[in-house]
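Chemist: Listed below are the residues making up each chain.
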Amino acid sequence: MSTNKVIHAIYNDDDILMDAVKKVRGAHHHIEEVYTPFPVHGLDKALGLAPTRLAITAFLYGITGTSVAAWLTWYTMIADWPQDIGGKPSFSWIENMPAFVPILFELTVFFAAHLMVITFYMRSRIWPFKEAENPDPRTTDDHFLMEIPVHDNEDELTSLLESTGAVEIKVVDKH
Amino acid sequence: MSGHYESSYREPLILGEKSYHDITEDIARPIEGKANKNWYIAFYIALAAMLWGFGCIFYTVGTGIGVWGLSKNIGWAWDITNFVWWVGIGHAGTLISAVLLLFRQKWRMAINRSAEAMTIFAVFQAGLFPIIHMGRPWNGYWVLPIPNQFGSLWVNFNSPLLWDVFAISTYLSVSLVFWWTGLLPDFATIRDRAVKPFQKKIYALLSFGWSGRAKDWQRFEEVSLVLAGLATPLVLSVHTIVSFDFATSVNPGWHSTIFPPYFVAGAIFSGFAMVQTLLGVMRKVTNMEAYITRLHIEYMNIVIILTGGIVAVAYATEFFIAWYTGSPYENYTYLSFGAEAGAYGWAFWSLMIFNIIIPQILWIKKLRRSFIVSFLVSIAINIGMWFERFDIIAIVLSKGQLPSTWWRFEPTFIDVGIFIGTIGFFFVLFLLYARTFPVIPTAEIKTILKSSGENYKKLRDENNEH
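Line order of the protein sequences matches chains D and L. Add 1106 to the 1-based position in the first sequence for the working numbering, that's all there is to it. Add 439 to the 1-based position in the second sequence for the working numbering, that's all there is to it.
Simulated from the structure, these hints should not be mistaken for laboratory data. Fair warning: this is a prediction, and the values are worked out from it, not measured in the lab. Every residue, glycine too, gets a C-beta built ideally from N, C-alpha and C. All clues stand as given, with none of them false.
Derived lysine-lysine pairs resembling DSBU-like cross-links, with alpha carbons at most 35 Å apart:
(1) 723(L) / 639(L)
(2) 1236(D) / 545(L)
(3) 897(L) / 1129(D)
(4) 1151(D) / 639(L)
(5) 1151(D) / 545(L)
(6) 1280(D) / 639(L)
(7) 654(L) / 1129(D)
Chain D side only, calculated, beta carbon under 7 Å to chain L, not exhaustive:
(8) 1164
(9) 1209
(10) 1216
Start from the sequences, fold in the hints, and give me the full structure.
Modeler: See the structure below:
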């Protein structure tokens, strides 16, 4: 049998799915993917997914934004064309810094939020005109789909999945 | 079901016998069905108002700012009132989606999508006013720090008006991204249900090919949490900076250190009022009665009482301090005996009645759980909060330190027309949204069905599960 064959086990309840994931992993089968209509609490842990590092990227993007804002205010207000505006001369960045706090803050948030979301879109491969890849349209409604690769153990897997309460089991060729 | 336990003392957030599929059906129905007559009537009225407003904007730009009721003493009045009013309205959306997310308030899920839509549409309206007020809006890009042929002559980063540019554009763009990211799974739901090929194409495009993998959801939840953490200080900073427009100027009545917290509280107060106004109608029109319940209305009214109370204390402080200084100038500020007895006494009393007195009826539990009372009070607050900004601007500017400059602001029909136009534009956007977007976060609300759904709660009570 070819190795690009997969089993699609479909469940109609998140609690049954969670138990099934634990059982299948307990039987030492590799779960390729799980498609769910909503975030199932604890599913990532049950699947053994590593925690996401997106929050760390947001922090790094944020300090980048702060630095850009610091450079921008320094260059425009102090270095390139220092002016005396309203009796508040521009001598040094550190003396004028209190007036730049709003800009420092806003650009920090701007960079952190937008670059983190762009990173998320890139990592999860979602963008305009991207084709959806969920194998069954019901997985965005009320069904949950578990995808398991088959390695000459189709019957064994099928009976295992049946015992976990799957409402539908299909063997499909994955291209 | 033990993992979904929630105390039976808590009222259910989702009424009736609902399954996951029922939720999908309920939320998709207004999108897949045809609009009724009432929707068209409302849409055409809003569209007419919008076009009237656009006409007034073209007239202003073509002729000049002189067509407004401004003078050299009152250089901004009606327009900046509307700007602050619209920005303030926007704040409730972010508060609901970000602050309540951090506080794990599950009831926000029924209303956050629409409240965020309201935020974005309101900030659009707000942004129009400073741009029109430039007089030459095609030079609007001058507010950005772009190298130019004048030297380069840079923008002035010491100015609160420029802080506003950065705050409002960050706020608008971050809110938009937050909203859209939350929408992706729900667009995917509509996409996978669509039967018409064109509809399927459109929602496939809007959903960015969302597939709902376990890893995607893990990232999605992390991104939502971090965005909420970023949006919370952001929303506080935006109205703080808007208040700096006034507070950093040397004008009695404006030069006030309590402006930032007081403006933020007022913004949330008016924003929640607008959410009540919109949802009071929308829950009926789109048949969302099972999701937007009396409990949601009550919770929002509690926020209104709290923020309204903060606003009332701020007014009292301003009034007392103005009197206590003994400075004659302070007697012409918007909260003073001079204002109360002066030419703008009616505006002073409108502020007090609509903003302070009427909302107090929400202390009565029966009234704050009533849809019609909430709706009427929310209209009163919308009016009251408009008067707050009008009073701060028009009353203070009408009485400068030099009595020979005293002048009374009267709006022209262009001023009024542009304001009506923005209300029309806002409702055009909101009505289109209500017909084409999932108005309740479908995926998110499914996560609380088992803990807060009425039928699941009942089942747990019957089985005595604790």
